[in-house]
Each structure stands twice: as structure tokens, then as C-alpha cells.
Amino acid sequence: MQFINTLLSGVSSGVVYGLIALAVVFVWRSSRAVNFAQAGQAMVSAFVALSVDAATGSWWLALLVATIAGVAIGALAFLMVQRALQREQESGALIASLGLLAVLQSSAAMVWGGDIRSFPAPVSTDGIHLGGTVILLSRYDLLVIAVAALLALALTVLMQRTRVGLAMRASAFNPDVARISGVRVSRMLMLGWALAGGIGAIGGVLIAPLSFLSPNSFDIVIVFAFTAAVVGGLDSPVGAMIGGVATGLLLAVVTMYSGAADAPVAALVVLVITLLVQPAGLLGSQKARRV
Amino acid sequence: MTLHVRELTVRYGAMHACDQVSLSAPPGRVTTVVGANGAGKSTLLRACAGLVRLHHGSVHLDGVDLGDLAPADRVRLGLGFVPEGQATIPELTVEENLRLGGLTRPRATTSARTSAMFDLFPVLAPRRGQRAEVLSGGERQQLAIARALMAEPRALLLDEPSLGLAPLMVAQILDLVNRLSRETAMCILLVEQNAARALSMSDHAYVLSMGRVVAEGPASELAGDSRLMHAYLGVA
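Protein sequence lines, in the order shown, are assigned to chains A and B. Under the numbering used here, the first residue of the first sequence is numbered 1, with each subsequent residue one higher. Under the numbering used here, the first residue of the second sequence is numbered 292, with each subsequent residue one higher.
The hints are simulated quantities; they were obtained by calculation from the structure and are not laboratory data. A virtual CB, placed ideally from N, CA and C, is assigned to each residue, including glycine. Treat the hints loosely; a few may be bogus.
Far from chain B, some chain A residues (derived; all Cβ distances over 10 Å) [as the list claims (entries may be wrong)]:
| # | residue |
| --- | --- |
| 1 | ILE4 |
| 2 | LEU8 |
| 3 | ALA72 |
| 4 | LEU76 |
| 5 | ILE116 |
| 6 | ARG117 |
| 7 | HIS129 |
| 8 | ALA152 |
| 9 | ALA194 |
| 10 | SER214 |
| 11 | MET256 |
| 12 | LEU275 |
Derived coverage of chain A by chain B (criterion: at least 3 residues anywhere in the stretch with Cβ under 8 Å from a Cβ of chain B; other residues may be distant) [what the hints assert, rightly or not]:
| # | region |
| --- | --- |
| 13 | 154-167 |
| 14 | 175-184 |
Given these sequences and hints, build the entire structure.
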């Protein structure tokens, strides 16, 4: 029972790592760039949610406003790295994203202060009583899983069933053929970054009640999310979600049996092993990059 | 609808890939540009499509200066482009490749035009749900042309549609190009390395060498000029 509870306690945070990984994958697929500011964008979005929740008392309104803010920040992030992307300077885009992370973290500290804040949850985060035992899966965990599942479904429909989704996929696979088919590719890239910002924002708001919120509190989340994305194959949305849940479960087990301090190390070990053994990840379609 | 190219010049560094190229492609005709490898034929088409910047000159479609328009905007003005190398997106299905080509047209017309393409290219119909990567070279070339036709272009640029295909398939594709120009009054600008074959099915032709137009005239006359064919096209 204890082991099952340990696993259950990892599911909802794993789902959130999956969402942030999904954001990383959206950016990677659209522009072959890794956005290290992704978790920073999610952090600022979560602070926006905290302010809206404090002002209105509505957690759901806070989630909505934070998502819109996340979309806007994502679009701005794209404008920052656009020049580097157009010149096909991968390292330029990477450095620009690190710069953006620093800007976001210091801005958040200026606006909301550097203190660690607790973040309210709309429903109980206590385990559910079932028979005589307590199951370490709270109503809030169930809500996290439901929101993430709905979001994943909506994104799948958007990408697979709509014209704009087709244009985005074409831009990611072959920008030149997309262009001569009439697709405005840079707009599609911006949309990809904006969507990633929105997905990350939802992930940020969802995970905040499970931990705490400070300008640096998501630093470790990007490590977990990046691990999830790489395990899943970096260009596979389904792989990102699977990788996220797997990472969440692994971290829960490591935290339980070895200590919370070892969790980041465990994630990095998994990251390194994946890159050594199966660089394309579980569901990645691309061939491994040789360096 | 006529495609007019005036003094088109493209430089890669110090090299002139295209040097003061002028030509026009009238509607309902196949206009061919022939020339040896590296003569600047592909650059000419890529510049018309907006994928390469001009250093000098202009491209007009039916009197509209395409100037600095992005490739996507040229598609909206009726310019279709089939680049060399069976330009499809292998990760997308056959039907998705077609729908991609039709994105600039009203949504309501997509399925009718998709069916029309399956009538025109029957070999693609049973493959509609399969990824383009499983198609043969000839099938993929047909899909690339169909993708461009989905946008209902009034001018079509075709870059080496016969490259890498079996002779029977080459004949089929060039025959189709010929038919399209007659039946749709589209202007077709065809680039081919296979000079004899291309000249045999086109109306007017230009010979490109080292980025310059060195000869032009009715295709049949050029094909009959053995000195020209020998000097610029390596045909004995």
C-alpha cells in the first residue's frame, strides 16, 4: 500500500512535468530551439494567477488570466529569439532564452518580491479516505489530471483536425514547402511559442499549490520537464506526457526511499542515460544528432 | 495572365547565378528554360517564387509587381511552384499534403478540389491516408504537382519534374503538364535538364548558360538547331 501511495503521489506532479515538457516540445517542433525560459514564463504566469486569485477569490478566473498572460509572454519570447532563429543560430536562440529567463526572474522578484509564497488550491489537497485507509491521491490531484487530459485533447484536435494545426505541422516539418503552399511560416512559429506559453502557464498554475511559489521555485521544474521531454523524444507530444508521468513516478519513488534532495540527481541520471542509450527518446521520430 | 521576368539578377557572393534574365511565359502555353547543370535555372524559379532575393530586375504576374512579396503572398496572387526533388512533406499523409496546398483557398472548396486531384492523379487516390514517405518517386512527384494545383494557380513554375524518374513516368508527367496548360489556360514555366524531351513538348523556349539567356525562340526551332544544342546543352 505504501508503494502504491508513493506512486500515486507522483502522478499529478508528473502530469504537470508532462505539460511543461509539452511546451518545450511545441517550441522544439516549431523552431528547433530549446526554450530554457519556459519554466520562467510559467512562473510569471503563476504569479499573475496568484494576484488575480487574491483580488477576485476565483481560482478558475486566475487560471484563465494566467493562461492568457502565458500566451502573451510566449509570443514576446518568440520576438526576442526570432532574429537568432532566422539566422539559424541555434546557440543564439538558446542564449537569448537564458537571457529571457534572467529577465523574467528578476522582474518577478521586483513585482512580487523574492519571498516564498504559498498558493491556494480550489479543492482539497488531502488524500482521499477510502475504507479505513488514506489514498495519497487528492481531489486536487484528480483536478490536475482532468485539466491536463482536457488540454491534451484540445491540442490534439487543434493540431490534427484544423487548418491552422496543419499549417503549424507543415511549418515544423518543412518550412520551404509550407511557404510555397501559402503558409506564413514565421506567424506559425510565433503561434507555436504562444501556445507553448499558454500550456506552460496552465502547468505552472497547476503545480503551484503542490509546492510553493517564488521567482526561483520553478528552476528545478525545467530540469524535470526537460528530462520528460527528452525521454519522450523531444518532438513527440504524446511522448512528452508519457515522459512527464514517468519522471513524476520516478521522482516520487526516489523522494520516498532516498530523500527529496536526490530527486534532481535522479532526473539528471535518467537524462544522461537516455541521451547515451536512446537519444531519440521513446517516441521520437528523428534520428539522433551526432555531435 | 502572363508571367514577365525583367533583367532578373541574383548573385551568390561574387557569382552571378542569374544575370539580366528576361523572359515571358504566356497563358495556355508551356515555356521551357533549358540549360546545363548550374546554368541558373533553379535559381531563376526560386527567385520568381520569392525564396531567393533579387539583386536587380523584377517579376510581374499579370502586371502585378511581385517585388518583395513573401512566398506565401505570391501563392495568394496565383503563383504555384513545384521545386525540384519531389517537394512533399513526407511526415504528412497524402491527403494532408493536398489540404496544405489548398490552405489559401476557401475551406468549403477543399474536399471538392481534393477529389479533383484524385481524378487527375488516380494513383494517389488509394494512398490518401498514407504518409507521403511511403510513395514511390513518381507518385511523390505527382503529389508535389497536385499540392501546387490545389491552390488553383494561374501560373505554375515547375523545376525538373522529370529528375530521377523512370522514362515512362517522365513521359506521363510531361504529358500531364502539357495538357494542364491547354485545358486551364495556365501559364507554365518549366525548367528541364532533359532538353530534347522538354523542347519536344513545349511552345517557346529559352536557353540559359552561365546565368544568361543565350538563345530563345519557338521550341521546335531550337530543338532543330544542332549547333546550339551541341554548344549549350551537350546534345550531340
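Checklist entry - Does MET256 (chain A) really sit off the interface, with its C-beta more than 10 Å from all C-beta atoms of chain B? => result Holds, since 41 Å exceeds 10 Å.
Item to check | Distance rule for ILE4 (chain A), whose beta carbon must clear each one in chain B by more than 10 Å | outcome: The assertion about ILE4 (chain A) holds, with a minimum of 40 Å to chain B.
Checklist entry - LEU76 (chain A) clear of chain B by more than 10 Å, beta carbon to beta carbon? => result Holds: least Cβ distance 23 Å, greater than 10 Å.
Checklist entry - With d taken as the least Cβ-Cβ distance between ARG117 (chain A) and chain B, does d exceed 10 Å? => result It holds; ARG117 (chain A) is separated from chain B by about 44 Å at its closest Cβ, greater than 10 Å.
Checklist entry - Per the stated criterion, does the least C-beta distance between LEU275 (chain A) and chain B lie above 10 Å, as a non-interface residue requires? => result holds, 23 Å
Checklist entry - Counting residues of the region 175-184 of chain A that have a beta-carbon nearer than 8 Å to any beta-carbon of chain B, does the count reach 3? => result holds (count 9)
Item to check | Least C-beta distance between ALA194 (chain A) and chain B, which was stated to exceed 10 Å | outcome: The claim holds: ALA194 (chain A) sits with its nearest Cβ about 19 Å from chain B, beyond 10 Å.
Checklist entry - Minimum Cβ separation between ALA152 (chain A) and chain B greater than 10 Å? => result About 20 Å separates ALA152 (chain A) from the closest Cβ of chain B, which puts it past 10 Å; holds.
Item to check | Status of ILE116 (chain A), Cβ more than 10 Å from any chain B Cβ | outcome: Correct as stated: the minimum Cβ-Cβ distance to chain B is 44 Å, above 10 Å.
Next on the checklist: Under 8 Å between beta-carbons, do enough residues of the region 154-167 of chain A, three at least, approach chain B for the coverage claim to hold?
Outcome noted: holds (count 3)
Next on the checklist: Over 10 Å from every CB of chain B: does HIS129 (chain A) meet that, or does the non-interface label fail?
Outcome noted: It holds; HIS129 (chain A) is separated from chain B by about 49 Å at its closest Cβ, greater than 10 Å.
Next on the checklist: Verify this label for me: SER214 (chain A) is non-interface relative to chain B, using a Cβ-Cβ cutoff of 10 Å.
Outcome noted: Per Cβ check, SER214 (chain A) is outside 10 Å of chain B; nearest 41 Å; holds.
In this structure, every one of the numbered hints holds.
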